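In the order they appear, the protein sequences are chains G and C.
Each residue of the first sequence is one higher than the one before, starting from 1 at the first, in full-length UniProt numbering.
Each residue of the second sequence is one higher than the one before, starting from 1 at the first, in full-length UniProt numbering.
To be clear, the hints were calculated from the coordinates, so they are not data collected in a lab.
Check the hints yourself; a few may be wrong.
Because identical chains cannot be distinguished in the list, a pair is counted as satisfied if it fits within a single copy or across any two copies.
To be verified - The list that follows gives simulated cross-link-like pairs (lysine to aspartate or glutamate, DMTMM-like), each with its CA atoms no further than 20 Å apart:
hint, residue 1, residue 2
1, Lys285, Glu87
2, Lys147, Glu205
3, Lys147, Glu240
4, Lys285, Asp124
5, Lys285, Asp70
In this text the structure is predicted, and so the values were computed from the model without any measurement.
Number of protein chains: 2
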Amino acid sequence: MTTIAPPNSPPALSHRLANGLTVIGEPSDAFESAAFTLLTPSGCRYDPDDRLGLASLTCEMMLRGAGSRDSRALVNDLDAMGVEHTETVGISHATFSASSLADSLEPALALYADVVRRPHLPADQLEQGRQVCLQEVYGVEDEPSQKLMNELRRQHYPSPWGRASCGDEAGLNAVTQDEILAFQASHYGPEGSILAVAGRFDWQELLRVAERLFGDWAPTPLTRTPPNRSTTGSRHLPFEGSQCHIGIAYPSVAYRDPEYFQAWSAVGVLSSGMSSRLFTEVREKRGLCYTVYASLQSQVDRAAVLCYAGTTAERAQETLDVTYAELIRLAEGVTVEELGRLKARIKSALILQQESTASRAGTLARDWRHLGRVRSMVEVGELIDAVTADTINAYLAKNPPRDFTMVTLGPEPLRLK
Amino acid sequence: MTTIAPPNSPPALSHRLANGLTVIGEPSDAFESAAFTLLTPSGCRYDPDDRLGLASLTCEMMLRGAGSRDSRALVNDLDAMGVEHTETVGISHATFSASSLADSLEPALALYADVVRRPHLPADQLEQGRQVCLQEVYGVEDEPSQKLMNELRRQHYPSPWGRASCGDEAGLNAVTQDEILAFQASHYGPEGSILAVAGRFDWQELLRVAERLFGDWAPTPLTRTPPNRSTTGSRHLPFEGSQCHIGIAYPSVAYRDPEYFQAWSAVGVLSSGMSSRLFTEVREKRGLCYTVYASLQSQVDRAAVLCYAGTTAERAQETLDVTYAELIRLAEGVTVEELGRLKARIKSALILQQESTASRAGTLARDWRHLGRVRSMVEVGELIDAVTADTINAYLAKNPPRDFTMVTLGPEPLRLK
């Protein structure tokens with residue numbers, strides 16, 4: 001059997017600062033660029049129930065001036081460094097990602113150190129920030145597929161694990177300046193934060209820079225919010241339009257679970273590539289959909305397979321029936337041929353991913369968050385090599401797709417037969 | 001001044017087969033992967049007015065078996081090669097793009113040679129293919145921002161240059177099997193086709209493979225469809241919902257125009273990065289939008305700047321007024337500081353792009369299609385180095401944004417003041 005592990009895997013190194021911040025690096029001279037991902041434990045799970053959107057609005061405000069730079073100087077300097085960057089708020093973490101030429105790595109890190117440690121949070125820009133966040137909430141209302149998948153996660157996961165980080169209108173309107181100051185002070189700290197860097201840089205130099213920028217960052221006590229209630233249940237969202245959007249979720253195993261790669265491969269047989277079962281049965285053979293997919297979404301302590309299909313209202317029940325039949329049929333097992341095709345796709349995807357510093361930095365941070373360590377490419381390769389049709393089928397026999405949550409959005413409700 | 005041209009640019013090589021197919025390559029041992037883009041002159045501009053969607057449906061059918069492989073074997077083999085691929089139909093060309101490990105380059109090329117030269121076009125799958133294409137058309141109806149931008153291009157460009165390649169319901173329903181056979185036979189040929197490859201491969205070996213796979217591909221006469229009528233004009237699309245979507249287009253210069261980089265840089269000052277004018281004035285200072293942008297879209301013989309802003313109905317007129325004021329103000333010129341930031345972003349983006357074989361292959365094909373040759377990274381660097389605030393401002397003085405087309409989608413029409 002061909003091994004999956006790619007050649008020339010660079011080493012992944014890690015170091016924990018005294019205050020709890022973890023630094024991970026995968027240096028490689030094959031690139032001219034460097035990318036980093038900075039995770040902080042500041043996600044929307046910490047939003048009070050009547051302040052949904054607080055974490056997102058705080059993050060929006062943090063970019064409006066930090067350290068020695070006012071709002072204008074901050075965005076000017078970031079652009080002048082040639083940095084491609086995104087800031088997103090998830091369930092548990094906020095993520096600050098940046099890619100640039102290697103020369104800009106250090107100044108970009110210094111700027112983001114200001115953003116997370118010394119943001120100005122200007123009170124006189126709060127209303128503008130609030131409006132931007134409200135526009136995001138209103139925008140989702142008009143995009144049915146996104147609205148559906150937000151609702152599916154909300155219905156499937158116990159709260160707060162299914163929240164949409166954008167929050168809601170009432171919550172965003174209620175947030176005060178003091179609440180933003182308090183959220184920032186208590187949820188941005190070194191403990192539980194992860195800085196992952198990939199691409200062209202020197203590891204020892206990075207450690208010196210990280211120590212200088214983050215070494216004196218005082219820890220804040222980590223607030224743990226246990227799941228406080230379950231909102232699981234299927235529902236229909238009435239929506240005028242020619243289309244029906246269907247979402248189905250069922251429980252799976254998390255990334256850190258020893259059986260993760262079994263579950264993940266089973267979903268791959270269902271939905272990865274044009275030869276996958278959903279693509280074949282729903283799209284190719286019956287022409288029911290333009291878009292249909294299933295994906296395994298893993299949080300640290302829970303995971304779900306999320307499926308989507310969008311079709312016309314008149315073909316919606318048939319689309320649901322065929323999709324659902326494939327989910328049920330998965331429990332009967334996968335074939336050696338299906339797994340062979342999937343492994344070829346995985347091997348290729350791993351190597352393509354390795355050729356992007358941004359995606360490597362994201363994976364390093366993800367590994368640390370889920371596992372508390374970095375899996376080398378060799379180890380990932382070995383784990384995938386060890387997956388066989390038999391091991392997947394043993395997993396599926398014990399864990400057949402079941403306990404479904406369904407959300408539909410369209411003119412009429414549908415029935416899960 | 002720092003030069004923009006990145007170091008270590010690999011060479012771009014080209015060769016024209018006797019039948020007219022152009023092969024372009026940029027070999028580099030820095031990668032484990034290889035990617036290709038195959039362009040064929042088979043876009044939706046060739047759809048008869050009462051068969052809109054013919055090119056897309058033909059492309060959909062071509063993946064359903066080709067050469068020695070039936071529909072099932074084709075998708076199975078493609079997945080078994082570990083190929084990430086997309087097939088898209090544009091205005092002038094169909095594009096077949098694939099990325100994989102270097103080992104899979106040759107078999108993937110052989111498979112796509114079958115697809116474009118020897119597709120089965122199975123009559124017994126026509127209805128399924130038609131349904132898939134119809135589902136795409138219906139889907140756009142429910143996604144307001146996409147629907148708006150499709151309509152903006154349709155209203156702004158003379159027909160057929162603003163078409164949405166997905167076609168329309170009437171056209172797709174009318175297409176016959178014979179029309180698909182005829183379209184495929186007359187619009188897929190070597191003349192005007194371009195094969196661009198980037199990543200790990202040997203140039204001489206690629207030429208041997210290309211000769212073997214495509215050398216005996218018989219030319220078909222290229223049908224030229226001149227613009228046949230203008231449909232330019234602003235309009236409002238009534239749409240129930242809380243949001244208003246605003247699209248504005250104005251003419252610009254094409255990629256092959258000597259002044260392209262002046263026009264492109266001006267749009268960059270308007271919309272590239274968080275410090276850009278639209279982001280600053282519309283989003284940051286006033287909180288009017290979550291999403292606002294302008295981009296220069298270039299076809300071979302024409303180009304336009306396309307702007308989008310999405311907001312709530314009640315803030316729509318203000319959003320339009322502020323956005324429009326920025327377009328008008330652009331004619332007054334850009335500053336040295338704005339251009340400095342933009343150049344830093346461009347330099348970084350060029351190098352990041354160079355680290356992706358898929359994006360390099362796409363750029364090589366694009367260059368050849370627009371210019372009839374490949375611009376080296378050094379030449380691109382020199383062209384951008386030569387742009388100054390003065391040269392941009394001289395261009396803007398001669399070519400101020402004007403002759404606007406506006407399309408709005410929302411509960412009420414708006415007024416361009």
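ask   = Checking lysine 285 and aspartate 124: alpha-carbon separation at most 20 Å within a copy, between copies, both or neither?
value = Answer is between: at 11 Å across copies they meet the 20 Å cutoff, but 58 Å inside does not.
task = Could you figure out if lysine 285 and aspartate 70 sit no more than 20 Å apart (CA to CA) within one copy, between two copies, both or neither?
result = Between copies only: 13 Å across chains, 57 Å inside a chain, cut-off 20 Å.
inquiry  = I want to check one pair: lysine 147 and glutamate 240. Are their C-alpha atoms no more than 20 Å apart within a copy, between two copies, both, or neither?
reply    = Both: 14 Å inside a chain and 16 Å across chains, each within 20 Å.
query = Checking lysine 285 and glutamate 87: alpha-carbon separation at most 20 Å within a copy, between copies, both or neither?
reply = Between. Shortest inter-copy distance 19 Å satisfies the 20 Å Cα cut-off; intra-copy 41 Å does not.
Copy assignment of lysine 147 with glutamate 205, given that the CA separation must stay at most 20 Å = neither (45 Å within a copy, 50 Å between copies)
In summary, the structure is inconsistent with hint 2 from the numbered list given earlier, while agreeing with all the others.
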